[in-house]
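Trainee: Now for the letters of each chain:
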Amino acid sequence: MSLLCAEDPNVLELLDDAGIELLWHPAISEATGAEANATLESVLSGEAPLDILCVEGSIVTGPNGTGRFHILSGTGRPMLDWCRALAPLARHVVAVGTCAAFGGVTAAGGNPSGAVGLQFDGSQAGGALASAFRSRSGLPVVNVAGCPTHPGWVTETLLLLAGGALDAGALDAFNRPRFYTDHLVHHACPKNEYYEYKASARQLSELGCLMEHLGCIGTQAVGDCNIRPWNGGGSCTRGGYPCIACTSPDFEDPQLTFTETPKVAGIPVGLPTDMPKAWFMALASLSKAATPERINRNAHSDRIEVAPKPKRERST
Amino acid sequence: MTELIVGPFNRVEGDLEVRLQASDGTVAAAYANSPLFRGFEVMLKGADPRDALTLTPRICGICSISQSAAAALALADAAGAEMTEQGALAAAILHGVENLADHVTHFNLFFMPDFARQAYKGRVWHSDMVERFTAAKGASQHAALEARARLFHIAGILGGKWPHTLAIQPAGVTRTPDAADRVRIVSILRSFRRHLETRLFGGRLEEFTALESVSDLACWTQGDAGLFLTASADLGLADMGWGPRRYLSYGAYPFATGRKTRAGVWADGEISDLKTGEIVEHVSQSWMLGGAAHPFDGATRPDEEMGEPGYSWCKAPRLGGRTCEVGALARQVVDGHRLALALADEGGVRARIAGRLLEIARTQIWLEDWAQALDPGGRFMGEFDVPKTGRGAGLVEAARGALGHWVVIEGGRIANYQIVAPTTWNFSPRDADGQPGPLEAALVGAPVADGETAPLSVQHIVRSFDPCMVCTVH
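Sequence order for the protein chains is A and B.
No gaps in the numbering here: position 138 of the first sequence is 138 in this note's numbering, and each next residue is one more.
No gaps in the numbering here: position 370 of the second sequence is 1370 in this note's numbering, and each next residue is one more.
A few of these clues could be false.
Simulated coverage check for chain A against chain B, where a stretch passes if three residues somewhere in it have a Cβ under 8 Å from a Cβ of chain B [unchecked claim]: (1) 33-43; (2) 136-145; (3) 224-231; (4) 238-247.
Rather than coming from a laboratory, the hints here were simulated on the basis of the structure.
Think of the CB as a built atom: it goes at the ideal place given N, C-alpha and C, for glycine as much as any other residue.
Between the sequences and the hints, there should be enough to build the whole structure, so can you do that?
Mentor: Written out as structure tokens, the structure reads:
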């Protein structure tokens, strides 16, 4: 449903213009029941070419590895089997969303249904398909992870694949397209000035940085969420709540709770990984001590209390 | 007696299989199967209660805010907290936008494409249907998609993103809109009204909400709504797919002063108070272990053997032992709107679609009022502390009907969490007394033409409920 939020052009027009024909889509296609089964059969028999297989949702393996917790309706056959049967026939296989990529939220809290991703089980390689699986193009499953995915991540992946412009080098270590995972959610976060001074919000609705107390891991989460807008201009941190790294495997089981930062001796665990911890702490305490009053007050307010006064604009 | 299995049943949200027994050209018995088990209620056991705010919206990509609102309300109820006045207003706008968008998506993408099928070629309305609603190509579909995406900019402003916002919290919302945000929201709504009035209704929304009778409705020929009503009259959809004619609503959009629409139950022409203590979920013909229970005492234990007589992962909720229909029509009937009351006894495919159209018009008008009432100077978040012990119910109205979350907290952790989704009511399997669920009963008598493998009548009836199977099986 997130995909339907694609704009300029709308998703149907975009796919049509790019020559991407929907063979069958559960929310959009006319074909239902026997008509849809006929399409599936024609793919299995090799009669209809399958260029891109998109899978949404985790693949459930329970109970006891049978996959019978999810039988594709009208077929009597587990979705697990369908994925294993269709994937080798496809030129490309795309996992849409963190559930299809890694298991995601369906694998939270003890994973009662035995949910896995298409080619990963959390951060472990190998899911419904073996880690060695390659589609006909030679690529592994392309993981458009995100919960939800940004509609642009999906459409651009499809367009790049259709145009032969997405090779193995364009994927990261979890086979996610690098065009969005080479960025961190932290990049262009509107709370960056608060982050610089560690001027931290203490409760949700305060404007300050959400990293120190409220669980935000945008500095360690991949995604261009603050660079390209969601729904016209939003993002999680723009909405006033923390980034929970929904593009990452295993995000569904936080150490504490999603909206509280785990700490050891008062120091948040999981500081940015690419700088020495001691340096980070030293810089943080220095910048905290240097926090301007404007930033300090705004950080603990639900709206701008003190406006910036650029030097050149000060009246004489 | 012939048996038909219809699946994959698409243009519904999630996985649905319908098994039909037909004889003499009509459906004699129907069985609705939700063939997916995920176990969100199991996952939540032992979790920090606040995790429900992040996990439950992810039950569904289309009813996400509804799940979010129910979780927030359940936690607030357990803690004795409540939203600030402005926080409740912002939450209502977010929820109203989702409900409105879902109704428009259902009409354009899920329901109407069946009328553009070749099987209806030759009907006077068919060429218009083909032009407007051919799957993935219809002009109305494209227009609706674009209008819907722009409408969701309101979710971008107030909620960061859609779906899966974490903006709605037990005591309010996480973002305080400013004066510019308010006028942007007002402008987006004006644009959406233009879409509704030019394409869907072909007239003023206020003219549609002023309709009072079935004969008034039959005279509405403009816009896509009129095209549906024309086809409906031709195909006799008013007399197809009768529900139980018992409607339940928890009342939509909670404010400190009360709910925007009335809570209650309509049966036999009377509206009575809703007694939520009489809600019981049966599991005797579900693939679940255990017995019938009120949601506070309910359990979710999947039967891994998938043994008989079970045939669905869906439980069977009943109110005082009886089935109820939930959804837009139910909400409008219980709220006492005159057109909805006139359609209550009809209770078939046309009534459901007309009820949804009525609610589209009314929701748009409410959203406009709420946007005007947003006060950027107000408080959008209040106080909330997670209780160590407590229990709470979060009863809201999703696009598809009554949605309830029931939480029990012990030792600061979730001891039990039970969810009854709208389609759990509408598409429930049989209960301990063998009483079919509302859809199963509505399908009996549906015509089956020679050679049909997925009878069109069955497709119209199923989709008229706008089922959300992913919420159903949570």
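Trainee: Against each hint, give a clear statement of whether it holds in the structure.
Mentor: Hint-by-hint comparison with the structure:
Figure legend: the region 33-43 of chain A, annotated as covered by chain B; annotation consistent (5 residues with Cβ-Cβ distances under 8 Å, at least 3 required). Only residues whose C-beta sits within less than 8 Å of a C-beta in chain B count toward coverage, and the region 136-145 of chain A has 0 of them, not enough to reach three; the restraint is violated. Counting residues of the region 224-231 of chain A whose beta carbon lies closer than 8 Å to any beta carbon of chain B gives 3, which reaches the threshold of three, so the coverage claim holds. Residues of the region 238-247 of chain A lying with their CB closer than 8 Å to a CB of chain B number 7, which satisfies the three-residue condition for coverage.
The structure does not agree with numbered hint 2 stated previously, though it agrees with all others.
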